[in-house]
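Based on the sequences and whatever the hints tell you, model everything.
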Amino acid sequence: MASETGESIRPRGPYIPWDDLPVERETVAGVATVLPVIVLYVLIAVFPIAFAFWASLHDIHTLNPEWEWVGLENYREVMNIATFWGSLWRGIVYMVGSTLIQLVVGLWMALVLNRITRGQKLLTAVVFTAYLIPTIIVSLVALRVFDPPGGVFQMMGAEWFDLWASQTAPLGSRDWAMRLLILIGSWKFAVFVTIFTLAQLRAIPDRFYEAAKICGANRWQMFRDITLPRLMGIVLVVVLLRSIFMFNKFDIIWQLTQGGPGNATTTLPVLAYKTVYTGQEYGLANAIAVVMFLFLLASAIVYFKLFNPSEEVETTT
Amino acid sequence: MSQKEPPGGIFGLSYDRETEFFEALKLISTAIIVLVGAWPIYWMTQLAFTEYETVENSITVFPTPDIFTLDNFTVITEPEMYTYMFNTVVVAIGTIVTVVIVSLLAGYGLARLEFPQKENFARILLIGYLFSPIVIGIPLYQIWRSIGLLGTRVGLIIALSAVSMPFAVWLMWKYIMTIPEAHEEAAWVDGASRWRGFRDVVVPQCRPAIIAAALFAFALAWNDFTFAQILLPQTDTTTFAPGILRAMGQAQFLPDAYLMAISLAMTLPPLLFAYFMQSYLLKGFQVRAL
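First to last, the sequence lines map onto chains A and B.
Just add 52 to the spot in the first sequence (first one is 1) and you have this note's numbering.
Just add 14 to the spot in the second sequence (first one is 1) and you have this note's numbering.
Mixed in with the good hints there might be a few duds.
[Claimed, not checked] Here are the computed distance ranges between Cβ atoms for each label pair:
hint, chain 1, residue 1, chain 2, residue 2, range
1, B, Ala265, A, Ile256, 45 to 55 Å
2, B, Thr78, A, Ile353, 50 to 60 Å
3, B, Phe36, A, Asn132, 51 to 61 Å
[What the hints assert, rightly or not] Chain B is nowhere near these chain A residues, computed Cβ spacing over 10 Å in every case:
hint, residue
4, Glu78
5, Leu124
6, Arg128
7, Glu129
8, Phe136
9, Gln219
10, Ser225
11, Leu232
12, Asp258
13, Leu280
14, Val291
15, Thr330
16, Gly331
17, Leu348
Calculated from the structure, these hints are not laboratory results.
As the structure is a computational prediction, the values presented were derived from the model and not from experiment.
Heads up, the beta-carbon is just placed ideally off N, CA and C, and yes, glycines get one too.
What follows is the structure, encoded as structure tokens:
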């Protein structure tokens, strides 16, 4: 029968009337391939954000399933608690400070790594390790070296440079906690900038530099006219990503200072976390989460409008 | 360029001097990078091999024979610590597998198949970078609790996979676009189905991208603290990062040398990956996958 009607003689599965469906077969297959991503996104992003918004309209005790409708009361409370504005400000200080350091150090490391001839692989491994090792390990080492008895940096700061008193823990001092957090975070995350820019640097063909050399350009001119324009696009993207990531940074702050001393290192993520587990105010914490999300969304939109990094992203090789 | 001055290097140096100057600068930079980059790892290692009483109270720079010990590493065999490490490994493997499979499929679809809203889908993917563990984690805590995923490793794997997704999918998409479609067409001519062509022609050629995506997922899972802290509240299923922090809070006495020893054990896999797989990592980033 099969050969008479001209159909495929290959064995077939259950009959699906592709030609009668209002959609193309390729469309179905295409949507099916991205379906797992969509499901994950809905589960991890759309649903939680919607849930957070819904929960933020209620008064909820963290462990109590009773929800009490309060409307926008939580948002009014968020705007009124003094720690919110302080945390927002400290978050911005942390974000700007660490992003700037990471950008400068990361770019510098990428330029050096790209030009080095001997031991390049080993040096690259050393640099990459900083990004790949878990944050908790960075924190544990930092806690050890800044701890009063036996901490080498604590001793050096106290005795050699006279930065703090000999028995104080700098991570527990109001003056130093935030600065050290920025420095320790930058040690780990500057490598992120390096990885992206190094990949770009490797993609610049050598003939550009050779041509420039023949035309009599010096190194600074080569850097300015060949390297920098090539890097600009990726740098804008990386600055956006790093700012978002640093603004959202919770792990390293919680591990090193838990937001203390007092509120000296409490940024918005830390405040939200404390509100859930110390304050037991789940509804209020969700209101903070929603505010954070809106803030990020707004800054990302502004950034995209200003620089349009997606243009850079969407180019193919 | 004016004819009066001969073309020269910066700061009015001659080319030779300029080159010397740059070589010196490069050497100093390298020294600083090695010093600052390797120092914490060296410090952790040397403390891990020093007797813990010494580590608590004084500063040593090298485990000389009289204070050298391997006893600190016994902490790894403690059932509690062992569980934390085991859970971390399970979560990392689970995340890698999920990310690679899902991103290969989506990358193939985006590169090879036409479907409506494709461009918009790609843009929405980028919004994935806005997923903040804390913003997502707080609502997820109650959601996971109500559907029974709170405190399970599967719940954490799902969350981590979604966070790794934007990078992995972009990477696969761009990478598959660099593979000539003719390879697949040849397979179709020989009677292979689309699925067969994907499995036997595209996937084997994607190896560098798969390794890059896997490395990235590994780094994320191995690194994760925030999601695990919120989503794995019970001690017996938690991963290394929140587990060790809780152990530090609860234990009467947990010497720093023990912490350094277990940290060293957790540092070794990333260290080896960084050394042996860096070319894949850079190759992955080169296709401008974001």
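Quick rundown of the hints versus the structure:
| no. | hint | verdict |
| --- | --- | --- |
| 1 | B:Ala265 with A:Ile256: 45 to 55 Å | holds (52 Å) |
| 2 | B:Thr78 with A:Ile353: 50 to 60 Å | holds (58 Å) |
| 3 | B:Phe36 with A:Asn132: 51 to 61 Å | holds (57 Å) |
| 4 | Glu78 | violated (5 Å) |
| 5 | Leu124 | holds (18 Å) |
| 6 | Arg128 | holds (19 Å) |
| 7 | Glu129 | holds (16 Å) |
| 8 | Phe136 | holds (15 Å) |
| 9 | Gln219 | holds (13 Å) |
| 10 | Ser225 | holds (20 Å) |
| 11 | Leu232 | holds (14 Å) |
| 12 | Asp258 | holds (15 Å) |
| 13 | Leu280 | holds (15 Å) |
| 14 | Val291 | holds (13 Å) |
| 15 | Thr330 | holds (13 Å) |
| 16 | Gly331 | holds (12 Å) |
| 17 | Leu348 | violated (5 Å) |
Hints 4 and 17, counting from the list given before, are not met by this structure.
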